[in-house]
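Q: Chains A and B, in that order, are what the protein sequence lines are.
Numbers 1 to 162, taken from the numbering used here, label the letters of the first sequence in order.
Numbers 1001 to 1387, taken from the numbering used here, label the letters of the second sequence in order.
A couple of the hints might just be wrong.
[Claimed, not checked] List of simulated lysine to any residue pairs, SDA-like, C-alpha gap at most 25 Å:
| id | chain 1 | residue 1 | chain 2 | residue 2 |
| --- | --- | --- | --- | --- |
| 1 | B | Lys1377 | A | Pro25 |
| 2 | B | Lys1002 | A | Ser15 |
| 3 | A | Lys146 | B | His1385 |
| 4 | A | Lys156 | B | Asp1123 |
| 5 | A | Lys148 | B | Asn1330 |
| 6 | A | Lys139 | A | Leu90 |
| 7 | B | Lys1090 | B | His1100 |
| 8 | B | Lys1377 | A | Arg14 |
| 9 | B | Lys1329 | A | Leu112 |
| 10 | A | Lys93 | B | Ser1328 |
| 11 | A | Lys148 | B | His1344 |
| 12 | B | Lys1377 | A | Tyr19 |
| 13 | B | Lys1097 | B | Gly1114 |
| 14 | B | Lys1280 | A | Glu21 |
| 15 | B | Lys1111 | B | Leu1331 |
| 16 | A | Lys60 | B | Asn1380 |
| 17 | A | Lys156 | B | His1283 |
| 18 | B | Lys1372 | A | Glu21 |
| 19 | A | Lys94 | B | Lys1329 |
| 20 | A | Lys60 | B | Tyr1386 |
| 21 | B | Lys1377 | A | His17 |
| 22 | B | Lys1372 | A | Pro16 |
| 23 | A | Lys94 | B | Leu1331 |
| 24 | A | Lys156 | B | Arg1379 |
| 25 | A | Lys156 | B | Ser1376 |
| 26 | B | Lys1280 | A | Ile151 |
| 27 | B | Lys1002 | A | Arg14 |
Bear in mind the hints are in silico, worked out from the structure with no lab data behind them.
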Amino acid sequence: MPNIYSPQTIAHFRSPHNYGELKHPDGQGEAGNIICGDIMSLYIEVGKDTKGKEIIAAVKFKTYGCAAAIATSSVITDLAKGKSIEEALLLSKKDIIDTLHGLPPIKIHCSLLAIDALGEAIYQFLTSHKRPVPSDLAKRHKHIEKEKQIIEERLKKLKESV
Amino acid sequence: MKRVYLDYAATTPVDPRVLRTMLPYFSRDYGNSMSLHSFGQEAYRALEKSRHIVADFIGAAPEEIIFTSSATESNNLMMKGLASVYGKKKNHIIISKIEHDCVLESARYLKSQGYILTELSVDAEGFVDLQELERSITDTTLVVSVIHGNNEIGTIQDIAAIGALCKKHHVLFHTDASQSFGKVPIDVSSLPVDLLTASSHKIYGPKGVGMLYVRRGVIIDPLLHGGGHEWGKRSSTSNVAGIVGFAKACDLCDNVMKTEHNRLSTLRDMLIDGILKSIKGTHLNGPRGGKRLSNNVNISFSAVEGESLVLALDFNGIAASTGSACSSKNLTPSHVLTAIGLTHGEAHGSLRMSVGRFTTKEEIEYTIRTLKQAVSKLRNMSPLHYA
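So that you can see chain B by itself, here it is in the shape it has in the complex (with noise of 0.2 Å):
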């Protein structure tokens, strides 16, 4: 059966040119970076030139990345890590209503803990009220986190003004880049950005490596303590593999960025073209244009539910997904597509293609067609008419 991966925004495949690289450090030049014969020093030569790779591709200095094992842990070590340092003066934090689970989860985890929270509401295209934002700075806030691209609706911030903002209030801002890194240029040197997250398996990278930037002056205590790692901020003997396949793939996004964005547009729209024209009862989550990640598709479907066309597609071949609340842990529907003022039914209709690296026009037609057919099959079986 044909195969077609529209699931990009979840992970992508190791690219072959990252695997070749990676494959040295697994049986042949296996030694922790932190031994001092030769195993160690070319580890840990190894390790030192993948941090100037990824720290030049953002415009940063190699001593302001910190790499981990997932953007969960990158946020998780932004907001406790922050909160330890300075929590005892600034105990406010604020964050956006459609930020991912690790960013909420961590968020509300110091809620729990008595710090005080305030998630901004977004606009119907998930984009965040700058006004809002600026009034609920107050003399306490730590930090403001805010998404650069959602994961699920597409939504890219103007982190540019968000962060000017913060800095104009003397405020940390954070913005957690997991979709947006690698797709559009991102320079921290000209961004007023304290704090970034990035992670390796959504560029075509291994998965278990991520990476923190922390701006120089910025100070965060550790989650985890131990050898004194990555500046005592991360202590865990290094994932030399990883990191040098982390590395590459960055090498690979900046070769060809334009030229893919544009390609991954192209695709993208024609995807959502295709199907609001073909199919009715339809409408796009999220902006349209270079605001929206080039990536990200995600159309509610009306009378339809959700997992039901995840299924049907994938005996079809196509992986995709849904904020459906049949297919969420606890039975409610993403919080995205609530903030952007989805009913639960739209919600319950709704369906994210991410496109990506390897995707081809055909697969946008052979996608389209079949999802013509699904939404067919499965409204006969709905008692609910659709418009």
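One chain only, chain A, in its complex shape (with noise of 0.2 Å):
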């Protein structure tokens, strides 16, 4: 459906920012889509900016899904980038769609997927350093467990099958 993409998704898949992973990532998350069966990995490296201050100094992403997947993917790593922490969780869905000029409807649930797999690296970096986690986030957490469970069985299935 070429002709139902923004010219700015279009550039964004076309030439993805930031894909691949990290070799030694302080976060990486996993999120997967329930309905349609995309998955995306997110890796975040944690460092200071020039005045001290925590924010996620590398982002990567790796993605399997269609151009709505890979290009919402893209940009939230240009989003996360620079950001604490704090300033990362709030980023939203709307905020990627907005830097897209729109998604087709159909494919909303493509950028809550991005939100989903930042959260998860944010989750998990929060974790393995032992700090507090927003309740929030934790709540997050639990939900996308459950869809993993049901992607990966999926998955199970397609590779026995290849």
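Each of the two chains sits in its own frame; use the hints to bring them together as a complex.
A: This is how it looks when you write it as structure tokens:
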């Protein structure tokens, strides 16, 4: 459906920003879309900016999904980079959709995937560093874990069949 | 940029020879075929000449051909038209699980109106099981409708055997031949088919024209009531230019069917083998050889999503399509791919390419090269590993 995506979405899909993996990430998150089957992995590196403030210094992603899933992945890496953990947690799917100048209605759910993956990466960073986890984030994590189980079962079938 | 059209199963360009034949009927011979004056008579003659050509093409009599606006309309007319005539006594409909949406949705609509619907399963290559079909037929079965050549995976059903079974049990048999018509010989004078659907824009004719063959003795009620066109089975001012184009398109297919079948099959197999050999983690959906439509290729790529692949190809000028959930209106994978047993993930990475009259060997080579790069790029981005 080449004509339904905004030029911004197409541009991000054609040349995604920050795709790949981080070798030694401080946090790694995975989210899957229970409806369509898309999967996204997000890696963050936490460091300090020039003023010594703690920020997300590097972000990378890997995504299995449609153009919207890849474009929203690309955008979330741009948006999260340079932000503090607190700021990054405030990012919403609206921020992603606005950056892309809109998404087709049926693709809105893809932007949630990116938010979930970022949340998961931050969750993993916080827990592995024995830091307090905001209750909202803990709740989101629980929900995502549940969805992931369903997707993993599907994946297992996929791997068996190849 | 180079542009390569590999979506002939979706629609075809109008052949320039077809277009030339049609043109006078827009501006010079524009009469209404129902009018008494010479303008009308000219249109009427063109319409009936076209009907003869289309009828001859499939071994039918002219009065067995009803022109419609599309294969979708033909399939709706078949299903609802039969139900309207015979439905009180016969309320059971049998279709396959891999019908085109217009058959599937017409049948499900009738189900919502109280009809009983059986959807036959298919094997891994998409073939209907004749024994299951025979077991499904009851005293109240109205019609069996099985798609001749499948639009997604190219499976060509043995309609002679299905038709014979239906005949044995005195059940009407319809086949949607939208994809096979013009590609393989169809002769209803020897095939036990009672109703058959075909479409003009799949065979290098114009869009907006289809036909329903209805064997003499089978009665259907119209969907469109009005001025009594097409023997009262389909009122609407006749689309003379379109129908003339459809007939010309049939003529052209008739002349080259055998050579074109061989040429397309070669290109198809080149594309299939080229992909399976040069890209890992791929498999073909649907059968190989003569039981596959000569123009259809459908391959699943592991760890890649189909819509992404279609777009990545489009950036390189190549037009293809996918059965991925991401490209559907309701985010579910293609019902055809699910019916042949594909997992959600396999259907997610499916790509359909269909070759046609203007496809060249060079285009196939370019497609294989481009596809290899596109798949590799998307797999680099994918968190999944592939075999």
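Q: Now tell me if each hint is right for this structure.
A: Going down the list of hints, with the structure as the test:
1. Restraint check for lysine 1377 of chain B and proline 25 of chain A: satisfied, since their Cα atoms lie roughly 23 Å apart, inside the 25 Å limit.
2. Of the supplied pair hints, the one linking lysine 1002 of chain B and serine 15 of chain A holds, its CA atoms being roughly 21 Å apart against a limit of 25 Å.
3. Restraint check for lysine 146 of chain A and histidine 1385 of chain B: the C-alpha separation of about 22 Å stays at or below 25 Å, so the hint holds.
4. At roughly 22 Å between alpha-carbon atoms, lysine 156 of chain A and aspartate 1123 of chain B fall within 25 Å of each other, so this suggested pair holds.
5. In summary, the hint linking lysine 148 of chain A to asparagine 1330 of chain B is supported, as the alpha carbons are separated by about 21 Å, within the 25 Å threshold.
6. A C-alpha spacing of about 15 Å is found between lysine 139 of chain A and leucine 90 of chain A, which places the hinted pair at or below 25 Å, so the restraint holds.
7. Taking the CA atoms of lysine 1090 of chain B and histidine 1100 of chain B, the gap is near 23 Å; set against the 25 Å cutoff, the hint holds.
8. About 10 Å separates the Cα atoms of lysine 1377 of chain B and arginine 14 of chain A, which keeps this hinted pair within 25 Å; it holds.
9. Under the criterion of a C-alpha separation no larger than 25 Å, the hint pairing lysine 1329 of chain B with leucine 112 of chain A is consistent with the structure, at around 19 Å.
10. At roughly 22 Å between alpha-carbon atoms, lysine 93 of chain A and serine 1328 of chain B fall within 25 Å of each other, so this suggested pair holds.
11. For the given pair, lysine 148 of chain A sits about 15 Å from histidine 1344 of chain B by alpha-carbon distance, which is consistent with the 25 Å threshold.
12. Taking the CA atoms of lysine 1377 of chain B and tyrosine 19 of chain A, the gap is near 11 Å; set against the 25 Å cutoff, the hint holds.
13. For the suggested pair lysine 1097 of chain B and glycine 1114 of chain B, the alpha carbons sit about 20 Å apart, so the restraint of at most 25 Å is met.
14. A C-alpha spacing of about 22 Å is found between lysine 1280 of chain B and glutamate 21 of chain A, which places the hinted pair at or below 25 Å, so the restraint holds.
15. Using a Cα cut-off of 25 Å, the hinted pair lysine 1111 of chain B and leucine 1331 of chain B holds, with the two alpha carbons roughly 24 Å apart.
16. Taking the CA atoms of lysine 60 of chain A and asparagine 1380 of chain B, the gap is about 13 Å. The hint holds against a cut of 25 Å.
17. Between lysine 156 of chain A and histidine 1283 of chain B the CA atoms are separated by roughly 18 Å; this keeps the pair inside 25 Å, and the hint holds.
18. A C-alpha spacing of about 22 Å is found between lysine 1372 of chain B and glutamate 21 of chain A, which places the hinted pair at or below 25 Å, so the restraint holds.
19. The straight-line distance between the Cα atoms of lysine 94 of chain A and lysine 1329 of chain B is roughly 22 Å, inside the 25 Å bound, and the hint therefore holds.
20. With a C-alpha separation of about 21 Å, the suggested pairing of lysine 60 of chain A with tyrosine 1386 of chain B holds against the 25 Å cut-off.
21. Taken as a hint, the lysine 1377 of chain B and histidine 17 of chain A pair is honoured in the structure, with Cα atoms around 13 Å apart against an allowance of 25 Å.
22. The suggested pairing of lysine 1372 of chain B with proline 16 of chain A holds, with an alpha-carbon distance near 19 Å, which does not exceed 25 Å.
23. Restraint check for lysine 94 of chain A and leucine 1331 of chain B: the C-alpha separation of about 21 Å stays at or below 25 Å, so the hint holds.
24. With a C-alpha separation of about 18 Å, the suggested pairing of lysine 156 of chain A with arginine 1379 of chain B holds against the 25 Å cut-off.
25. Of the supplied pair hints, the one linking lysine 156 of chain A and serine 1376 of chain B holds, its CA atoms being roughly 22 Å apart against a limit of 25 Å.
26. Of the supplied pair hints, the one linking lysine 1280 of chain B and isoleucine 151 of chain A holds, its CA atoms being roughly 23 Å apart against a limit of 25 Å.
27. Distance check on the hinted pair: lysine 1002 of chain B and arginine 14 of chain A sit about 18 Å apart at the alpha-carbon level, within 25 Å; holds.
Of the numbered hints listed earlier, not one is contradicted by the structure.
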